[in-house]
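**Student:** Please model the complete structure; the sequences and the hints are all you need to start from.
The residues making up each chain are set out below.
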Amino acid sequence: MSRGVWCLGVSAALLGAALVAAGCGGKPGYATSKYVDTHPLPQDTLTVDLPEIGTHGGRFVLAQTNPPRTFNSAMANESSSYDVTDGRLYATLVEFDNATETMRPQLAKRWEISPDGLVSTWHLRRGAAFTDGHPITSADVLFSFEIYMDDTLHVSMYDFFKPHGKKFKVSAPDSYTVVIESAGPYAMLVPVVGSVYIHPRHMLERAYRSGSFASAYNVGTPPESIVTSGPWKLKEYVANEKTVLTRNPYWCGVDARGQRLPYLDELVFMIVPDQNTAALKFEAGEVDALEDVKPENYQTYASGQEKGNFTLHELGPALNTNFLVFNLNRVRDGRSGKRIGSPHVGPVKYAWFNNRDFRKAISKAIDREAIIKSVYYGQGVKNWSTTTPGNKTWHTPDLVHYDYDLEGAKRLIAGLGWKDSNGDGVVEDTHGNPVRFNLKTNSSNRLRVESANFIKDDLAKLGIQVDATPLEFNSLITNLRTDFQFECVLLGLQSGTPPDPGMSQNVYRSSGITHYWNVRQPRPETAVEARLDALVEANVTALNPAERQRTWVEMQNLVNEESFLIWLPTLVYKVPIRNRFGNIHPSVIPHRIIWNIDKVFVKPKPARA
Amino acid sequence: MRTYVLRRLFQIVPLLLGISMLSFALLQLAPGDFLNTVAENPTVSAERLEAMRRSFGLDRPWYVQYGLYLKNLFLHFDFGESFARHQPVIVILREGLLNTLLLASAAAVVTWGLAIPLGVWAAVRQYSWVDKGLTVFGVIGLSIPEVLSGLLLLMLAANTGWLPVGGMRSIDHDQLDTAGKTVDLLRHLALPALVVGFTPLAGRMRQMRGNLLDVLRLDYVTTARAKGLSENVVVFKHALRNAINPLITLFGYTLGALVSGSLIVEIIFSWPGLGRITFDAIMTQDQYLVLGSVMMASFVLILGNLVADLLLAVADPRIAYG
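If you're matching them up, the sequences are chains A and B in order. With the working numbering, the residue at position 413 of the first sequence is 413, and numbering never jumps. With the working numbering, the residue at position 171 of the second sequence is 171, and numbering never jumps.
Since the hints were made in silico from the structure, they are not lab data. Note that the Cβ used here is the ideal one computed from N, Cα and C, for glycine as well. Take the hints with a grain of salt, since some may be wrong.
Label-pair distances were calculated between CB atoms; the ranges are [as the list claims (entries may be wrong)]:
# : chain 1 : residue 1 : chain 2 : residue 2 : range
1 : A       : V36       : B       : D59       : 49 to 57 Å
2 : A       : K461      : B       : R53       : 41 to 49 Å
3 : A       : S212      : B       : G180      : 37 to 45 Å
4 : A       : S212      : B       : V13       : 44 to 52 Å
5 : A       : P522      : B       : N305      : 52 to 60 Å
Just a few of them, taken from the derived set where beta-carbon distance is under 10 Å, the chain B residues facing chain A [to be verified]:
#  : residue
6  : D33
7  : S45
8  : R48
9  : G67
10 : I144
11 : E146
12 : G150
13 : V165
14 : E266
15 : I267
16 : I277
**Tutor:** So, in structure tokens, the structure goes:
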């Protein structure tokens, strides 16, 4: 009877075998391209000094968790878009060099700043061109500044273009010169200019004037009509699958031998939403590098280096931070039903949280080494600031800080007059209230959830009872920013690019939205807050680097003495990258693996022994 | 029949309206909004956030937002624009839906292509080792979660290099000729279709087996055998056609469920389908994209049910819709 069934089974097996067989061969190799550079080099080349001189050809495949959401650099708001647009598709007048952590000329060949710091003159590179061959001139720079300073477009850097409350005045005396005038001295001038990615006026002006700039160059735009200023141009985008970039044939960057960059034929961002799948793709050789490897997996990668022909690069401490913060916010509008001016956490807890010795005691009770050892698998470092040890320029090694000292913490608690009078293991404050609070953190971050559990145990030794509550990210942010329904939160902040303290001014200013312990104060509520505001202002307006360092150190020490932010360890980043590539120089600063991808090349195939 | 179909099609409108209202209400009740995604970025100031909220219309009361949404939907058939991608919702969903349908159909081929023959086989060899073996095999397939079987298959693919590790097309897909493209697509489709198709396999197989056994016990089968017909004719021509009826109904229902049920597989296998787009939109509270995709999935589900009912009428002349 079952002849039919057998036939079906056999044909299915044959189809399976055929599919398997069809895939054999065609592994990514050391292919060199036949690329011939047909365009003459520009008059002002951007000649870069490289550790290794490469050759054209090859492809680099990077796994990305989320797809880019736009190819319009000014409108991008997430790292999955920035990775593709910023520094890849688009270039700036001056770029941040992750290796030296300095600003370096890119589309501008040089610039001068007047002694008073108010007027800067930028000289553009002659012969630099967009991906369609159209020259990049001062008109494009003016157009790009207009976009970034537009009141309705919401470019994320908008606030930084208004030092002293007034927008920059940008003008162009000729096609290759741009003059930027600032209303007052501004320390962030060069980094801010370096955040303006040059957009092509000849392609986008019509969309801008007609009010449709925000949706221009979206991911549905045909790649051939997307003209950009960077070393790469968009070759192909397949929704939720991959983004393929190829070289901008007109790019002005060249190596010491006069070969035009980028070396690689293609840079591919492959969308792999699941981290386990990404790891398997790396293992199978479909992907050349991984970002966001979990610390618990570092050891596996370290031991597989030789077999998999890759290196696990240690990038050092991350720029992202983790900290505890107590809620000192007061009610500012009547909608919540609470009296205006009363603390959100109620008078009893506000009295605890607002006490500096209490916050100090908490900081001293946390055994950070134990957290690093267990939660971070040893792959963490202690950190006491928004500029972590991963930030070479701005990290301050010897800040005021309150590290683990249980006896000291106990003395501080005793000094408050708090003791466990009923013997239940929990101390009571001077009014007899048991000291117990809630600690929220985002459930999707394993490091934070597990750290919160450690902190709960640490504080129990102090007689303080903590209820750790992991929450979904959106709920946590709503509690933190909108309804202030939190007592204590374990959270973190990303670093801006470049990682300059001025980029974190919203954390330190009393009016800032990331000044989490007491956000958006209409005017500084305490003398300490007023002092912080003055220091931020001094830091972003000082032109002398030493003066900036001095105010920065004072600012950090002030926050740490007050223990407004109770610092927790930061993760040490490691990323695996195949050994086939030359000039690989990954860094902890954003675009970690690909920040210099235009200089990366495929090494010649090693001779077989 | 035609009036029945028309009536069913008209019922879709209030149903979708209700679904959109419920989804919108749930989105409003969920804490936060799309702008929470920029929360850990220290360069965005409070004033900027307020301005962004205004420009997305998120500062307006929920009924105004919902009213505008309905107005655009009914007057212009406009599903709105995604906050994150600045692209019309319909464009984003169209591609995802096609990919999901492709995966769902391949999975359906796996499920039904295996369930029917195997079910028949088990029925004609009732209580033999074949029957028992298939039961064990089916139960194992049913009890392994998709996450696990998916990852195990991917591990196998990564270690042997036999099949690609997820994705829908290889990087060089465009350089291939039509035949090559088809093979490339099938190679990528094989594992996810196997995983999605395997879960309902056990159930369908058992149903096929049970139905056929019931029919094989009926008098007319005994009569056919008594007439001296060969066993093959008795089983395939006489018994199977009557035993397959309930499975036709199930087929329509699973069609709808397949579209909504492949989220986990889409994520594990990097399959660019509707499930992933929806999941991403929900996590970032990209509200019009969520609404659009929920409505799209509901529409397919409703349509699947309709198809199931119609197929039943076609297969069984005793059923008629007035």
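**Student:** The structure should be examined with respect to each hint, and the outcome stated for every one.
**Tutor:** The hints, checked one at a time:
The hinted window of 49 to 57 Å between A:V36 and B:D59 holds, with their beta carbons roughly 56 Å apart. Hint check: A:K461 to B:R53, Cβ distance near 44 Å, so the stated range 41 to 49 Å holds. As the Cβ distance of A:S212 to B:G180 is approximately 39 Å, the hint placing it in 37 to 45 Å holds. Judged by the Cβ atoms, the range 44 to 52 Å given for A:S212 and B:V13 is violated: they are separated by roughly 32 Å.
Between A:P522 and B:N305, the C-beta spacing of about 57 Å keeps the proposed range 52 to 60 Å intact. Evaluation of the B:D33 hint against chain A yields a held restraint, the C-beta minimum of about 8 Å falling below 10 Å. At a threshold of 10 Å, the smallest CB-CB gap from B:S45 to chain A is about 5 Å, leaving the interface hint in force. The interface hint given for B:R48 holds, since its Cβ lies 6 Å from the closest Cβ of chain A, which is under the 10 Å cut-off.
Because the smallest distance between the Cβ of B:G67 and any Cβ of chain A comes to about 23 Å, over 10 Å, the interface hint for this residue is violated. The interface hint given for B:I144 is violated, since its Cβ lies 16 Å from the closest Cβ of chain A, which is over the 10 Å cut-off. Annotation: B:E146 was flagged as interfacial toward chain A, and the flag is violated, the nearest CB pair being 12 Å apart, outside 10 Å. Taking 10 Å as the C-beta cut-off, the interface hint given for B:G150 holds, the closest approach to chain A being about 9 Å.
Look at B:V165: its Cβ gets to within about 5 Å of chain A, closer than 10 Å, so that hint holds up. With a cut of 10 Å, the hint placing B:E266 at the interface with chain A holds, because the nearest CB-to-CB distance is about 8 Å. Hint status for B:I267 relative to chain A: holds, with the closest Cβ pair at about 5 Å, below 10 Å. Evaluation of the B:I277 hint against chain A yields a held restraint, the C-beta minimum of about 7 Å falling below 10 Å.
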